Amino acid sequence: VSAVRHRRQEGRAGHARQGGALLLTLLLMFIIDAVVLTTMYFAIMERRLSRNADAALRLRLAAQSAASTALSPWPSELDALVPGAAPVRVADGITHDGVGYEAHVEALAGALVLVRAEARTPAPVHGRAAAATLWLRPALPHDYDVAPAALSALTVVLQDAATLSAGGEPCGGAAALRVTVEPATGSATVEGDIHVLDGAADIISFLPALLARAAAGAPVLGSAEDLTITGDTAGVIVAAGNITLAAGTAVRGLLIAGGDLVIEDGATLTGAAHAGGAARVAGAVVLDVCRAIDAAVAAALARPLPLPRRPAVPGF
Amino acid sequence: MVTVSLSCRTGPAVRAPATEHAAGASLLELVVAISLTAVLAATVGGLLVTQLRVVARVAEQVRTAETVRIAIGVLQGELRRVAPGDVRAVSADSLALRAFRGYGIPCARVGGSLHVRYRGDRLPDADKDSALLVTAAGAGALRLLAAGTAAHEQCAAGAGERVLQLQFADVPDDIALVLIYESGSYHIASRALRYRLGGAGRQPLTAELLLSGSGFQTADPDVRLRLVTVRGVLDVAAPFGMGGVP
Chain X
1 VSAVRHRRQE
11 GRAGHARQGG
21 ALLLTLLLMF
31 IIDAVVLTTM
41 YFAIMERRLS
51 RNADAALRLR
61 LAAQSAASTA
71 LSPWPSELDA
81 LVPGAAPVRV
91 ADGITHDGVG
101 YEAHVEALAG
111 ALVLVRAEAR
121 TPAPVHGRAA
131 AATLWLRPAL
141 PHDYDVAPAA
151 LSALTVVLQD
161 AATLSAGGEP
171 CGGAAALRVT
181 VEPATGSATV
191 EGDIHVLDGA
201 ADIISFLPAL
211 LARAAAGAPV
221 LGSAEDLTIT
231 GDTAGVIVAA
241 GNITLAAGTA
251 VRGLLIAGGD
261 LVIEDGATLT
271 GAAHAGGAAR
281 VAGAVVLDVC
291 RAIDAAVAAA
301 LARPLPLPRR
311 PAVPGF
Chain U
1 MVTVSLSCRT
11 GPAVRAPATE
21 HAAGASLLEL
31 VVAISLTAVL
41 AATVGGLLVT
51 QLRVVARVAE
61 QVRTAETVRI
71 AIGVLQGELR
81 RVAPGDVRAV
91 SADSLALRAF
101 RGYGIPCARV
111 GGSLHVRYRG
121 DRLPDADKDS
131 ALLVTAAGAG
141 ALRLLAAGTA
151 AHEQCAAGAG
161 ERVLQLQFAD
171 VPDDIALVLI
181 YESGSYHIAS
191 RALRYRLGGA
201 GRQPLTAELL
211 LSGSGFQTAD
221 PDVRLRLVTV
231 RGVLDVAAPF
241 GMGGVP
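If you read the sequences in order, they're chains X and U. One point on numbering: in the working numbering, the residue at position 144 of the first sequence is 144, and numbering is uninterrupted. One point on numbering: in the working numbering, the residue at position 28 of the second sequence is 28, and numbering is uninterrupted.
Here chain X stands alone, though its shape is the one from the complex (with noise of 0.2 Å):
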């Protein structure tokens, strides 16, 4: 009998023992699962957060990249695009990674157009970005001969000490005039045979959009008045008053004004020039078709430009 309950007592230590142990084994494990569980579910929460980063920042750049690239090249239907047109759709399609994307252009005031990007994901992300962006609209239509002639005008005056010449080949050109009555020519120096084109007014029509891009801030030199130049200059110059050559001065590039071109005694003038009235020339004119297109080149008179200053307008 005692053998039996010494036998039940070591049994009932030795069960005392297991379940210590037992205790002491899961508390461990609790904290040891606890340690793990909680970084798990930080390394999941953070990969969450950089995958939705991520998700987001590729609809961003996706709507950005649309709205920057959609005018590229500016399609030609929008050219009759007006102000409360309803807006046109110019791009849409996937990306690479799977986001789809299109762009809208709207005519607003002036020369302005919006274009306003959006870039969606589909279920089960269902992202959404957009992106806006302010353009000036191209100025002349695309391939536009800026230069067929030295001087495009309603009726051109030679003056006495005036000389038409043409540069060099291949940028010279003919020495043409273009007008729509005949020039009175005077006893200008004329190097080369005269060209007479028919046409001169149409350039001019796009003035407003010329003076819009000066306006805004594009390279463009513009005056919604007269202009006189009196020092060395070179590019586009617009007026949508005369604009006077003052004597001495050399100007390289392209001329548009509204209403009369004077090119003073000793003035010259290397380029191209138009007018919406009368050109009455004393000094030089080069006909230099390079020059010309340069200029409407480096203002990019016939690609859309970006506002100069608020390209960008909040994407909502």
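Just to be clear, a hint being listed does not mean it is correct.
[Said to hold, decoys possible] Ranges between beta-carbon positions, derived for each pair:
#1 U/Thr-50 with X/Ile-44: 19 to 29 Å
#2 X/Thr-38 with U/Ala-42: 18 to 28 Å
#3 X/Gly-93 with U/Glu-153: 31 to 41 Å
#4 X/Ile-44 with U/Asp-125: 33 to 43 Å
#5 U/Ala-150 with X/Ala-86: 40 to 50 Å
[As the list claims (entries may be wrong)] Output of the computed footprint for chain U on chain X, the stretches with three or more beta carbons under 8 Å from beta carbons of chain U:
#6 209-219
#7 304-316
FYI, nobody ran anything at the bench for these hints, they're computed from the structure. Remember, predicted model here, so these are calculated numbers, not experimental data. Ideal Cβ positions, reconstructed from N, Cα and C, are used throughout, including at glycine.
Given chain X's structure and the hints, the job is docking chain U onto it.
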């Protein structure tokens, strides 16, 4: 049956030495057990304390990272919408700017008010909003917003747009776009990013977990603004006007 009876009889005789040994070794066992338990308890306790410290530190780092993430997200979101002229002042602990909340495309003009097709984070609020009126020439004219009300009958709204009637003291003729903004300033004070709307108090946007030394840096205000959220660790540069500008 025989086997059982034998076993019962011989059991105490066989077990007697073991019982004596167990009785004599119980003290040693107790000492060893106590020692082992103490060592084990110390180890487990130390491990527990260490793990608790690790958990607390990790949790603190996570909260700090979340705070930094919120601060960066808020400021990057604001700075993506602004042009250099929209940032009014930058100091080591504050950034004052006009924060854009929406834009409207004029679609009609009735008297001194503009009807616009509006998109934005929220509707315009005359109590706190102003407007930057972008003219056809791209110039901006600032006006206080007198009122903004719904006017669905004037223009047709596109998807995601609302037609609103915005009233100003005067409106130039050639308005191409209306940008709605509120004047505010962000501050890093008491280790938190705070926002102050107009003359109101600074409301915290994050927990007070930013490290001392956090603040704004700008070497060239026309180009970049840099938010240093944790000294020497996180350094985020946010270029102005990154709303899709090539």
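Tested hints:
In this structure the supplied range 19 to 29 Å holds for U/Thr-50 paired with X/Ile-44, their Cβ-Cβ distance being about 24 Å. X/Thr-38 and U/Ala-42 have their C-beta atoms about 24 Å apart, which keeps the hinted 18 to 28 Å range intact. For the hinted restraint 31 to 41 Å between X/Gly-93 and U/Glu-153, the CB-CB distance of approximately 37 Å keeps it satisfied. A C-beta distance of roughly 40 Å is found between X/Ile-44 and U/Asp-125, which places it inside the suggested range of 33 to 43 Å.
Distance hint check: the CB atoms of U/Ala-150 and X/Ala-86 are about 22 Å apart, inconsistent with the given range 40 to 50 Å. Counting residues of the stretch 209-219 of chain X whose CB lies closer than 8 Å to any CB of chain U gives 4, so the stated coverage by that chain holds, three being the minimum. Remark: the stretch 304-316 of chain X is confirmed as covered by chain U, as 11 of its residues place a Cβ nearer than 8 Å to a Cβ of that chain, reaching the required three.
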